[in-house]
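There are 2 protein chains.
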Amino acid sequence: MKKLHVALGERSYPIYIGSGLVDDGALLCRHIQGREVLVVTNETIAPLYLDRLQNSLSSGLSLTKLDSLILPDGEIHKNLDTLKLIYDHLLKNRHSRSTTLVALGGGVIGDMTGFAAATYQRGVNFVQVPTTLLSQVDSSVGGKTGVNHPLGKNMIGAFYQPVAVIADMGTLKTLPDREYRAGVAEVVKYGLIADPGFYVWLKEHVSDINGRDERVLMAMVERSCRNKADVVARDERESNIRAILNLGHTFGHAIETTEQYCGLLHGEAVAVGMLMAADLSSRLGWISASEVEDLRHLLLSLGLPTTVPAVMNSKAFLAAMSLDKKVADGVVRLVLLRALGDAVVTGDYAGAQLQETLDAFCP
Amino acid sequence: MKKLHVALGERSYPIYIGSGLVDDGALLCRHIQGREVLVVTNETIAPLYLDRLQNSLSSGLSLTKLDSLILPDGEIHKNLDTLKLIYDHLLKNRHSRSTTLVALGGGVIGDMTGFAAATYQRGVNFVQVPTTLLSQVDSSVGGKTGVNHPLGKNMIGAFYQPVAVIADMGTLKTLPDREYRAGVAEVVKYGLIADPGFYVWLKEHVSDINGRDERVLMAMVERSCRNKADVVARDERESNIRAILNLGHTFGHAIETTEQYCGLLHGEAVAVGMLMAADLSSRLGWISASEVEDLRHLLLSLGLPTTVPAVMNSKAFLAAMSLDKKVADGVVRLVLLRALGDAVVTGDYAGAQLQETLDAFCP
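Sequence order for the protein chains is A and B. Residues are numbered in this note's numbering as their position in the first sequence, beginning at 1, plus a constant of 71. Residues are numbered in this note's numbering as their position in the second sequence, beginning at 1, plus a constant of 71.
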């Protein structure tokens, strides 16, 4: 097992990466402070891991409450109505301010459970037990929580840190292929934004990554979390540098919003978005056309999409982008690449250049 | 104009107390950082002050958006559904992360607008312009924001500080008598919990308080805010000492919840609750029966209720109290009085003594 540290002063917390951690009662219980627990999960994950997690929790602690809530699965349910189900459950079962919420699932469960924890009685503890690659390398680390609004993704939320993240490599074995690949997209992101050596490593390990080799999984998750923790520690509330973690996300969110979260998965949309960001960067003369092709090739070899869904056109794409949180005084600030491995947040591009990228990608 | 300072490190902010501040464009605009503003108010306050506030804002700033949202009035609307109206408005009108929300109204508007600000795009700036005595002396200061749930008051919320509080004494002139008196209850609270000299001062100024003498209003609001700011600066997130600000509130919330926020006003319920806390304190031998009578007399002379509504019985009262946020491991922690002017948070009372107080007050 590896242990990383997210350095955020009094809000610091550990990330554990290993195999079989869902069954590690001693590890889990070390991070439960009160005597009440609510495990929030979804209908896909519950049959696989809920009993095991609850057994681990009850083995190590004398709890007065050990409840579970099973939500419907999918990004389409990441909204205020589903969030309300968590509040209702907590209040009907009289959970106090000393309760701990445990998020068992992917990014949707983690984001919603984290936001419920941030806002139930103005804040209770929560533990992330991410079961997808995407949530292990990205959404469970860094404290971004929230839900979507019909008019935009993650528009309602809070910065709220977990007390621990427990990433069990075993859960990646049961992950559907498409979801696994969507997680790999966020892994590629870390190479692109700040870790050129990791980008090269990924190109060299495509076949082991696609085969979910456990040793390679561990290394990949650890290096991703280390990258993310470093950025978050430098800028918890995304005042500046943290925004580079959004490489491909403004483009990607526009796709997700237009498809109403029923088309490409988040990671898939980010894969397309990263390629669009690379394309725009090359139009600015920052990277070469061959580097864009290099990235396209890597994404394709990892089974990721590289084209915009047929329902989009460039006008709708631009309108959806302008709803993004990173708009400041009317200009959409984008994460672009000065090199493969060096990202920057900027509003300093011509509208015509963005239009060229949109025209090149939209059907 | 008086200026107080709430000392919370990087989250510090000023409180301004004076006359005609709604029309002070220069003062208001100093606390707007971006170029977008949404004023949230209610249908009672809007006809009185919305135009004046908007004129002040537009006189001093070149804003790209100056929107307003008028919500229905009353505690019954302080819920997730009304909160959603704020999110909808912000998104439909494309407010960015650099927008500022201005809460123009009483505690309900301030709590909901503050929570919307805490959670819109994971946090935007907000300014409190409290127009009721209760919100000026209590709810606008200290960063408690949130909404009610059918099963409990303020169960969903966040600690989130405004960038400024602007309290215009002029707005107290238009306040209905009952609401004014409800605010006076929270003023009495500061005397009871930590400021015995203020308690004596209040007894000496009953007639000026009832007459809303402007000089006395200024002094009363300033001393109340100073007391609150001191406590909040010592314990922002209510880990310990801040809980004394809840004197009378556990009893009061039980009344409000049972009446479904349609009976006594919050401050009125707190008045009854403070007297019940004093009664229990005297049963513990901490204060004398004559001190309880002294408080009852003061509350009555200020036009405040001192009896529990006829719909309550002691069993329902106890059940409603046990839902309070201040429950720890099954024990309701209460704010009780060691003396008039010295409060303590404690679970150290016998259930039978609490029962005696409930029986004495419930019809």
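Possibly wrong hints are sitting among the right ones.
One copy or any two copies: either way a pair holds, since identical chains are not told apart in the list.
[Said to hold, decoys possible] Distance condition first, Cα-Cα at most 27 Å in a straight line; then the derived DSSO-like pairs of lysine-lysine:
{"no.": "1", "residue 1": "K74", "residue 2": "K163"}
{"no.": "2", "residue 1": "K73", "residue 2": "K163"}
{"no.": "3", "residue 1": "K386", "residue 2": "K163"}
{"no.": "4", "residue 1": "K136", "residue 2": "K386"}
{"no.": "5", "residue 1": "K163", "residue 2": "K136"}
{"no.": "6", "residue 1": "K136", "residue 2": "K155"}
{"no.": "7", "residue 1": "K73", "residue 2": "K274"}
{"no.": "8", "residue 1": "K136", "residue 2": "K73"}
{"no.": "9", "residue 1": "K244", "residue 2": "K155"}
{"no.": "10", "residue 1": "K73", "residue 2": "K386"}
{"no.": "11", "residue 1": "K274", "residue 2": "K163"}
{"no.": "12", "residue 1": "K73", "residue 2": "K244"}
{"no.": "13", "residue 1": "K274", "residue 2": "K136"}
{"no.": "14", "residue 1": "K244", "residue 2": "K274"}
Please keep in mind that the hints were generated in silico from the structure rather than gathered at the bench.
Status of each hint after checking the structure:
Taking the shortest alpha-carbon separations for K74 and K163, neither the intra-copy value of 36 Å nor the inter-copy value of 44 Å comes in at or below 27 Å. When the C-alpha separation of K73 and K163 is checked against a cutoff of 27 Å, the pair qualifies neither within a copy, at 38 Å, nor between copies, at 45 Å. Taking the closest pair of Cα atoms, K386 and K163 come within 27 Å of each other only across two copies (18 Å); inside a single copy the shortest separation is 47 Å, beyond that limit. Taking the shortest alpha-carbon separations for K136 and K386, only the inter-copy value of 24 Å comes in at or below 27 Å, while the best intra-copy value is 52 Å.
Proximity of K163 to K136 under the C-alpha cut-off of 27 Å is restricted to the intra-copy arrangement: shortest distance 12 Å within a copy versus 41 Å between copies. Taking CA atoms no more than 27 Å apart as the test, K136 paired with K155 passes inside one copy only; the shortest distance there is 20 Å, against 31 Å between copies. In the homo-oligomer, the alpha carbons of K73 and K274 lie at most 27 Å apart inside one protomer (24 Å), although the nearest pairing across protomers, at 64 Å, exceeds that limit. Taking CA atoms no more than 27 Å apart as the test, K136 paired with K73 passes in neither setting, with 30 Å inside one copy and 50 Å between copies.
In this homomeric assembly, K244 and K155 never come within 27 Å of each other (Cα to Cα): the closest approach is 32 Å inside a single copy and 39 Å across copies. In this assembly of identical chains, K73 and K386 lie within 27 Å of each other by CA distance neither inside one copy nor across copies; the values are 47 Å within and 53 Å between. Proximity of K274 and K163 under a CA criterion of 27 Å is satisfied in neither setting, with 51 Å inside one chain copy and 43 Å between copies. Taking CA atoms no more than 27 Å apart as the test, K73 paired with K244 passes inside one copy only; the shortest distance there is 19 Å, against 64 Å between copies.
For the identical chains of this complex, K274 and K136 are neighbours neither inside a copy (47 Å) nor across copies (48 Å), given an alpha-carbon limit of 27 Å. Only within a single protomer do K244 and K274 lie at most 27 Å apart by alpha-carbon distance; the minimum there is 22 Å, versus 72 Å between protomers.
Of the numbered hints given earlier, the model fails hints 1, 2, 8, 9, 10, 11 and 13; all others are met.
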